[in-house]
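**Q** This is what each chain is made of:
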Amino acid sequence: MTTVKKYQNDVTPTWCPGCGDFSVLRSLQAAAARLNLDNHNLMTVSGIGCSGRISGYLKTYGFHSIHGRALPIAQGIKLTNPELTVIAMGGDGDGFAIGTNHTIHAMKRNIDITYIVMNNQIYGLTKGHTSPLSEKNFVTKSTPYGHIEDPLRPGLLALASGSGFVAQGFSAYQEQLIDIIIKAINHKGFSFINVFSPCVTFNKVNTYQWFREHLVNLDEDSDHDKTSFQNAMNKYIETGGLFTGILYENKQMEYHERLSKKHKTPIIYQNLDISESFDKLIEDFI
Amino acid sequence: MTNNITLMIGGTQGEGIVSTGNILIKTLSRLGYFTYGFRNFSSRIKGGHTNYIIEINTKEVLAYGDSLDILIAFDMESIEVNIDRLKEGGLVIYDSIINPENYFVRRDLGFLSFPFTDIAKKYGSCIMKNTSLLGLLGRLLNIHSQNIKDTVEETYKKKGQDILSKNFTVLDKTYEEPIENEEIKTRYNLNTSISEKRASMIGNEAIAFGALMAGCRFMAAYPITPASEIMEYLSEKLPDYGGIVLQTEDEIAAITMSLGSSYAGSRAMTASSGPGISLMMEGIGLAGMAEIPIVIVDVQRVGPSTGLPTKHEQSDIEFLYHGAHGEIPLIIVTPYSVEECFYQSIQAFNLAEKYQCPVIILSDLALGLSRQTIKSLDKNKITIDRGKIASGENLEETKLDFRRFDFTSDNISQRTLPGFLEGIHKVTGLEHSIIGTPNNYPDNRKKMMDKRLNKIRKLESQNNIDIFGTTNSSLLVLSIGSNYGIIKKVVEDYNLPVAYGAFKMIKPLPVKQLKELTEKYSKILIVENNARGQLASIIKQKLPCHDKFHNLLKYDGTPFKLAEIKSKIEEMI
Ligand SMILES: Cc1ncc(C[n+]2csc(CCOP(=O)(O)OP(=O)(O)O)c2C)c(N)n1
Ligand code: SF4
Ligand SMILES: [Mg+2]
Numbered sequence: 001m002t003t004v005k006k007y008q009n010d011v012t013p014t015w016c017p018g019c020g021d022f023s024v025l026r027s028l029q030a031a032a033a034r035l036n037l038d039n040h041n042l043m044t045v046s047g048i049g050c051s052g053r054i055s056g057y058l059k060t061y062g063f064h065s066i067h068g069r070a071l072p073i074a075q076g077i078k079l080t081n082p083e084l085t086v087i088a089m090g091g092d093g094d095g096f097a098i099g100t101n102h103t104i105h106a107m108k109r110n111i112d113i114t115y116i117v118m119n120n121q122i123y124g125l126t127k128g129h130t131s132p133l134s135e136k137n138f139v140t141k142s143t144p145y146g147h148i149e150d151p152l153r154p155g156l157l158a159l160a161s162g163s164g165f166v167a168q169g170f171s172a173y174q175e176q177l178i179d180i181i182i183k184a185i186n187h188k189g190f191s192f193i194n195v196f197s198p199c200v201t202f203n204k205v206n207t208y209q210w211f212r213e214h215l216v217n218l219d220e221d222s223d224h225d226k227t228s229f230q231n232a233m234n235k236y237i238e239t240g241g242l243f244t245g246i247l248y249e250n251k252q253m254e255y256h257e258r259l260s261k262k263h264k265t266p267i268i269y270q271n272l273d274i275s276e277s278f279d280k281l282i283e284d285f286i
Numbered sequence: 001m002t003n004n005i006t007l008m009i010g011g012t013q014g015e016g017i018v019s020t021g022n023i024l025i026k027t028l029s030r031l032g033y034f035t036y037g038f039r040n041f042s043s044r045i046k047g048g049h050t051n052y053i054i055e056i057n058t059k060e061v062l063a064y065g066d067s068l069d070i071l072i073a074f075d076m077e078s079i080e081v082n083i084d085r086l087k088e089g090g091l092v093i094y095d096s097i098i099n100p101e102n103y104f105v106r107r108d109l110g111f112l113s114f115p116f117t118d119i120a121k122k123y124g125s126c127i128m129k130n131t132s133l134l135g136l137l138g139r140l141l142n143i144h145s146q147n148i149k150d151t152v153e154e155t156y157k158k159k160g161q162d163i164l165s166k167n168f169t170v171l172d173k174t175y176e177e178p179i180e181n182e183e184i185k186t187r188y189n190l191n192t193s194i195s196e197k198r199a200s201m202i203g204n205e206a207i208a209f210g211a212l213m214a215g216c217r218f219m220a221a222y223p224i225t226p227a228s229e230i231m232e233y234l235s236e237k238l239p240d241y242g243g244i245v246l247q248t249e250d251e252i253a254a255i256t257m258s259l260g261s262s263y264a265g266s267r268a269m270t271a272s273s274g275p276g277i278s279l280m281m282e283g284i285g286l287a288g289m290a291e292i293p294i295v296i297v298d299v300q301r302v303g304p305s306t307g308l309p310t311k312h313e314q315s316d317i318e319f320l321y322h323g324a325h326g327e328i329p330l331i332i333v334t335p336y337s338v339e340e341c342f343y344q345s346i347q348a349f350n351l352a353e354k355y356q357c358p359v360i361i362l363s364d365l366a367l368g369l370s371r372q373t374i375k376s377l378d379k380n381k382i383t384i385d386r387g388k389i390a391s392g393e394n395l396e397e398t399k400l401d402f403r404r405f406d407f408t409s410d411n412i413s414q415r416t417l418p419g420f421l422e423g424i425h426k427v428t429g430l431e432h433s434i435i436g437t438p439n440n441y442p443d444n445r446k447k448m449m450d451k452r453l454n455k456i457r458k459l460e461s462q463n464n465i466d467i468f469g470t471t472n473s474s475l476l477v478l479s480i481g482s483n484y485g486i487i488k489k490v491v492e493d494y495n496l497p498v499a500y501g502a503f504k505m506i507k508p509l510p511v512k513q514l515k516e517l518t519e520k521y522s523k524i525l526i527v528e529n530n531a532r533g534q535l536a537s538i539i540k541q542k543l544p545c546h547d548k549f550h551n552l553l554k555y556d557g558t559p560f561k562l563a564e565i566k567s568k569i570e571e572m573i
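Residue numbers (the numbering used here), protein chains in the order written: chain A, 1 to 286; chain B, 1 to 573.
Excised from the complex, chain A in its bound form:
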């Protein structure tokens, strides 16, 4: 049996003890193990933040990029070599502040990658600044009098942007998270997982305890029809976004399926030397 060990490397994470990101890392490794993915065909791409370090902690190809840009890089990789399993990852600031534009368009574009947001509702790496997902009145170094804006609702934004797979996990519910990651990877198209991954150092409000008290589990909700867009919207509103499980899963045409038949052969295998076409191509200009 493939074990988590296969995906571990010898780099020691720089995360604080107790950081929720450890569990996301382990869940991803466990999901990879259960899917028995080849290490060399697994590509992790991450942004900048405490969370962004994750791509350095797996025995896979790992691309730790720049703040907010994990998604375009991941999409470029997948479009070029669709045989890779591509996982993009990053923080809530990475995906919903500086990179929001890419998040929306990646969802709309529907390339077959999995996007895991390690959401701690704060900027961990900059040592505690507010995030677009921070609650109203949240006190941080940049909002010493309390944050006066309302938070963005990532699940609603994902639904509105056309993501065909929208789920939420919680670092403390590892089994469920592993299961969600497996389903997300298996989903053909863009899949989005918002993981509540507590920052034990800078977020003293949204703690493990707080989440345990507030989260409901959609897996236990027998009325929940995850194939219904309408129901997904309602469920999100009803729970105030405080749930774990798969909110929405509906297959849409994946980007490669929309491309013409000429794209059957991945770019990576295309023959680059087309000098025999030169005479034909120059004709357009004569």
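Any given hint might turn out to be false.
[Claimed, not checked] For lysine to any residue, the following SDA-like pairs were computed, each having C-alpha atoms within a straight-line distance of at most 20 angstroms:
| # | chain 1 | residue 1 | chain 2 | residue 2 |
| --- | --- | --- | --- | --- |
| 1 | B | K375 | A | E283 |
| 2 | B | K354 | A | N271 |
| 3 | B | K59 | B | Q247 |
| 4 | A | K262 | B | Q247 |
To be clear, the hints were calculated from the coordinates, so they are not data collected in a lab.
Starting from the structure of chain A, add chain B with the ligands where the hints point.
**A** Relative to the frame of chain A, chain B with the ligands by itself:
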């Protein structure tokens, strides 16, 4: 009979002047004539004055003359705005639906009224006045109507047989329409050219075509004037070769998506102009740090900010030369003709993969958008050198990660691509170890910086300035981009005894060659389209003898006139 004509077609934007000019250029190029077309346009799509200047010559021409032989006007504004540009004795041809009587005071000029619109309406539709214009020009230049018909047919074949045959009738009727002035009928007849079917292209198409031939199979870009044609050409062609062009949400996505593609093993590119290149800067820095090959085209327009989007300038030189925070290996190639756009585009992909770094193709609006007849492109010069990509099968089995950033004698490390069994490594924009894991030890930091910066240093001693003209002169005129063509025309038309050179690469600056040139020539004039002499200032940073360098600058949004360059050269020799 003549060897050379400068003509302008003027009218309202959106009425077909551009395609008319392009058909003329294509027709003449096929007959072996050389043409150069420069479009004056604004950001409006419809409405507003626009004009297309076309230089026609029996020999190679890369610029247009300062004054016009013929002005063809569809509306009064075209005459108002441009009449002063006509040569002594020039000809104004105007659509008979307008009445430019007020301008008849310029007695040296000839005025020819021609019923373009009337013929078009009678035998087709109003828009076919452009076809009628082509017919009249064909007559004046002494070109057979069939030659024009062939090009018209190819251009408009999608519009259906009915439209085509109407266009042909309009052409025939134009050829039959009486012209009273006998002298005009022969004055502009072109002498025969060396007959060869020549291609015509704009610089942007040449870059895109070069990229395709170089094996570029991925482009992510965001539309912008004057760079969009690169993406448009590849959007049409790449699917045939299994490649992908993707219009992104912004230029940040364009550069980073292209980087992802390149990292995964494609030859990838993006293209933009100043505003978009500004947004790409962090991504370009990542490419430098993470040693990812990438080709970025900057077709310069007037800045700063949105500037004059449809006007010409060369003011991104310093920005790109010094650009990206921190210090990265970066190569900037500078094609100076459409042919060079093709060759250098191919070279850019080879350089990017050889040196595993970003390569910028720095072009400008006048080069990118001017349609010109080109000399035949040599397909034997197309080479694809992918540099140090390891072969996936032959990698040794290793327990540790692959040493992607290993120190080597030439400072270039082997690349493995995701999917290679034994090639697993990390990539990061943080300073890193040889396996790509973050590493902040001072020793490693310094070694890695030196590795990255030194790997391209030897390019400084390559000859990357092409020199022409009278090389035993005391004056050398240097330029980049489209200015080469203008300087060439000045030197040739006026037989000026000077040497002139065009840069093919400005970063790394060809320091060795520049040193030799400063020893050989007593004066060096650097001609550029910006306000502060950006290229000159970069050169002066690297070379002593500042008193030898002189600058000719222009930054009003228009290319140099021949006279401006001529008088500066004459002042200096
Ligand atoms: C362009 C840019 N702006 C700012 C920063 C500084 N910065 C680094 S991480 C970060 C925010 C991190 O927050 P988040 O994405 O939520 O990740 P976390 O650390 O919480 O996991 C910021 C602002 C940067 N690296 N790059
Ligand atoms: S600061 Fe917060 S997010 Fe960052 S490692 Fe520590 S606990 Fe995790
Ligand atoms: Mg965060």
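**Q** Look at each hint and say if it fits the structure.
**A** Hints and how they fare:
1. B:K375 - A:E283: 14 angstroms, holds
2. B:K354 - A:N271: 19 angstroms, holds
3. B:K59 - B:Q247: Distance ~40 angstroms between B:K59 and B:Q247 Cα, so the pair is violated.
4. A:K262 - B:Q247: 19 angstroms, holds
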